[in-house]
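Using the sequences plus the hints, can you model the full thing?
For the record, the sequence lines run as chains Z and D. No gaps in the numbering here: position 382 of the first sequence is 381 in numbering that gives the first Met the number 0, and each next residue is one more. No gaps in the numbering here: position 116 of the second sequence is 115 in numbering that gives the first Met the number 0, and each next residue is one more.
Some hints here could point you the wrong way.
[As the list claims (entries may be wrong)] Cut-off 30 Å, straight-line C-alpha distance, at most; resulting in silico cross-link-like pairs (BS3-like, lysine-lysine):
| hint | chain 1 | residue 1 | chain 2 | residue 2 |
| --- | --- | --- | --- | --- |
| 1 | D | Lys67 | Z | Lys410 |
| 2 | D | Lys131 | Z | Lys334 |
| 3 | D | Lys87 | Z | Lys488 |
| 4 | Z | Lys266 | D | Lys131 |
| 5 | Z | Lys200 | D | Lys15 |
| 6 | D | Lys131 | Z | Lys530 |
| 7 | D | Lys15 | D | Lys67 |
| 8 | Z | Lys410 | D | Lys91 |
| 9 | D | Lys60 | Z | Lys470 |
| 10 | D | Lys60 | Z | Lys266 |
| 11 | Z | Lys488 | D | Lys91 |
| 12 | Z | Lys488 | D | Lys131 |
| 13 | Z | Lys365 | Z | Lys523 |
| 14 | Z | Lys365 | Z | Lys131 |
| 15 | D | Lys87 | Z | Lys407 |
| 16 | Z | Lys365 | Z | Lys530 |
| 17 | Z | Lys266 | D | Lys67 |
| 18 | Z | Lys334 | Z | Lys410 |
| 19 | D | Lys131 | Z | Lys322 |
| 20 | Z | Lys475 | D | Lys131 |
| 21 | Z | Lys488 | D | Lys15 |
| 22 | D | Lys15 | Z | Lys205 |
| 23 | Z | Lys475 | D | Lys67 |
| 24 | Z | Lys334 | D | Lys15 |
| 25 | D | Lys60 | Z | Lys523 |
| 26 | D | Lys67 | Z | Lys148 |
| 27 | Z | Lys407 | D | Lys67 |
| 28 | D | Lys15 | Z | Lys410 |
| 29 | Z | Lys266 | D | Lys87 |
| 30 | D | Lys99 | Z | Lys470 |
| 31 | D | Lys60 | D | Lys99 |
| 32 | Z | Lys475 | D | Lys15 |
| 33 | D | Lys60 | Z | Lys334 |
| 34 | D | Lys60 | Z | Lys322 |
| 35 | Z | Lys475 | D | Lys99 |
| 36 | D | Lys91 | Z | Lys407 |
| 37 | Z | Lys334 | Z | Lys488 |
| 38 | Z | Lys163 | Z | Lys322 |
| 39 | D | Lys131 | D | Lys67 |
| 40 | Z | Lys322 | D | Lys87 |
Read the hints as simulated data drawn from the structure, not as lab findings.
Listed below are the residues making up each chain.
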Amino acid sequence: MPRFNTVAEFEDYRAALLAARDPARPCIAVCAGAACDGLDSAAVAQAFEAEIARHNLAGQLDLRVTGCHGFCEKGPNVIAGPEDICYFEVTPADVPEIIRATLAGEVYAAKIYRDPQTGEKAARMSEVPYYKHQMRLLIGDNPRLDPLKIDDALAIGGYAALVKALTTMTPDQVLAEVKQANLRGRGGGGFPAGAKWETTKNAPEKTKYVIANGHEGESAAFMDRAMLTGNPHKVIEGLIIGAYAIGAHQGFIYTRHDVPRLVEHVKTALAQAREYGLLGQNILGTGFDFEIELHFDVGIFVSGESSALMRSIEGNAPEPRPKYIRTSVSGIWDKPSNLNNVETWANVPQIIARGAEWFASIGSDKSKGTKLVSLSGHIVNSGIVEVPMGTTLRTLIFAIGGGVRDGKALKAVHFGGAMGGSLPVDRIDARLDFDEMSALGAPIGAGGLLVMNEDTDMVDIARYLMDFLVKESCGKCVPCREGMFQMLKILTNIAEGRGRKFDLERLAELTEVTSLGSLCALGKTSAAPVKSMLQYFHAEYAARIEAGSQTP
Amino acid sequence: MCEQAVNAIIENYRGKPEALIHALTEIQHELNWLPREVLAEVAAALGVPLAQAIQIASFYKVFSLTPKGRHELHVCTGMTCHLRGGDKLLAKVEAVTGLKPGETDAAGRFTLERGSCLGSCSIGPELIVDGKHHGRMTPEQVEAVLDQYS
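Below, the structure written as structure tokens:
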């Protein structure tokens, strides 16, 4: 593989790559995302490979095994280019027909989308209801590249924003662009990324670090894994650009150890970027040095919290620190460390490539750009969705998600995993917006949206979430460790028919104490689900205590 | 074989106290558990107190201080799987294997763990065996899946 010593060499290589590729050539993209993989998409990919070999079609048709396409419910997914015909629930038996139809410029009607109500069919991605209400700026590239091949990323413009930043912009200009775009952190806080970058940039220490948090411990959130597994180069590019703006020469990607494909893809992408001279000393001859080290979480939820994560990178137990010490000033080994979520970093290249003004034209007043959301629970179409900020929950759940499964009615929508909140059905016209959702008591968190049907027992949900957090608390501070334990006791009593008068008042008090007294976000927001329950489902809780009955 | 691999891992990180978690993770993958003698060797080679190595090894859930079975069973207990009947699936796996989460059978065949959340929510509830996802599981299917692993 070549190592590029100048930008010109690199761009020549890209031009040669593009010249050798025919965009009109048919291409089959087989999804190997987490859900499709579990539905044995590997057998489908093998069948394509065998069929192409048998009929000697390699010259007429490309085959690509890719990251998550998004419509996980209907996996294994196959998309046939150049017209982006979407095939769902594909089995190896469908393969010869899909190949035949693709080469003939036709559609194999048996496996395209069919509306469960009207029976209406849709073949092209732009016509399938699940996709047509989306704006897939980040995840949309997934079907277009093999994550193990850096050349695929280069062919669709990968690292072009990096070249632009390094050659035509000063670090201050890059920072200004990100600030002007009003990019807000996608990991849960919604804190402006530019302001965070600036703090680290201006911190007095010379050595600085940047970190991509791909821990994704939030239950029912799976979009960061899909992003990082399906398009690792986009995240790496964002991280390099951020490092350039901040003045860091060392970065870290922190992610899960338990997804073998994710580990393989990130390792390979880093190695390829290094070989091409996109990481290391004197990147593309511009004089900028930057290296990325890969770290794995080893199985505990709190290590996704930023200060705990940094302890973990140092090789210590992931105990959070009090928040008055800001990690952006004093993080890893007490050096200024700027941490953003995987999705936040993935947004950076397009902001640099297309400009802050373009980015800020998408979304709501104060929440810009698109947001990746994972839809799951009692929903017809579960999967990964990307929509402009400001999209209503109704659009997400009904127009895209297809409504509640098994013909049941919608009861509640839960956002943000164990530290999020549940909203009742009458709030589904709320918009996906950091501030609007926080004000309602269901902060977006990382973006895991869980749909609950009419049969859902809200007492059980709060008990379940609290049980999860009690097990995940690191135990360093008392309000979190003991406060959650007491809340769990009360919730268990209510769920098992031993609820007592004043339990709800006691719960409300405990939510205040843990929120105010805990060291880190885990403890501080642990009571969020309970708060939302007391706000919106008080009657159900009161009735349960009154009846003294068991969880059905 | 194993011993060689472990020695190679230890040598790779000798004198690097900050690499403690890396070293332990790799050894855990190699041996499936962390024997006390190995922890002592790692601590000495990297230059960290044994107490710190034990703190890390006992704190993070991925590390095991007792031998694990040949096959690791994870039943996802994340939110979606919970809503879709993960409890019933876990109960069935417990009944079939005779294990509670965290336990290994005497023959060393299976170790049962809870997982949360494993990120394939669209195909929950799921049983994961050695990293292979078995999605949309019903309790009735458990025995047939487990029979595939000896």
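Exercise for the section: Given the hint that Lys131 (chain D) pairs with Lys334 (chain Z), test it: the Cα-Cα distance must not exceed 30 Å. Expected result: violated, 40 Å
Handout entry: Given pair status - Lys67 (chain D), Lys475 (chain Z), alpha carbons within 30 Å
Key = Since the Cα atoms of Lys475 (chain Z) and Lys67 (chain D) sit roughly 29 Å apart, the hinted pair holds (cutoff 30 Å).
Exercise for the section: Decide if the proposed pair is consistent with the structure: Lys91 (chain D) and Lys407 (chain Z), CA atoms, cutoff 30 Å inclusive. Expected result: Judged against 30 Å, a Cα distance of about 27 Å means the pair holds.
Problem - Satisfaction of hint between Lys15 (chain D) and Lys488 (chain Z), Cα-Cα up to 30 Å - result: violated, 44 Å
Problem - Restraint status (C-alpha distance of Lys67 (chain D) to Lys148 (chain Z) at most 30 Å) - result: violated, 36 Å
Handout entry: Pairwise hint evaluation, Lys205 (chain Z) against Lys15 (chain D), where the allowed Cα distance is 30 Å at most
Key = Given pair Lys15 (chain D), Lys205 (chain Z) holds - Cα atoms ~23 Å apart, limit 30 Å.
Exercise for the section: Sort out whether Lys67 (chain D) lies within 30 Å of Lys131 (chain D), counting only the CA atoms. Expected result: holds, 17 Å
Handout entry: Restraint check for Lys266 (chain Z) with Lys67 (chain D), where alpha carbons must lie at most 30 Å apart
Key = Status holds; Cα separation ~27 Å.
Practice task
Take the C-alpha atoms of Lys334 (chain Z) and Lys15 (chain D), compute the straight-line distance between them, and say whether it is at most 30 Å.
Solution key: holds, 19 Å
Handout entry: Agreement of Lys163 (chain Z) and Lys322 (chain Z) with the hint, judged by alpha carbon distance not exceeding 30 Å
Key = Distance ~36 Å between Lys163 (chain Z) and Lys322 (chain Z) Cα, so the pair is violated.
Problem - Agreement of Lys322 (chain Z) and Lys87 (chain D) with the hint, judged by alpha carbon distance not exceeding 30 Å - result: violated, 40 Å
Practice task
For the pair we were handed, Lys99 (chain D) and Lys470 (chain Z), check the Cα-Cα distance against 30 Å.
Solution key: Answer holds: Lys99 (chain D) to Lys470 (chain Z) is near 16 Å, not above 30 Å.
The structure is inconsistent with the numbered hints 1, 2, 6, 12, 18, 19, 20, 21, 26, 27, 28, 29, 37, 38 and 40, although it conforms to all the rest.
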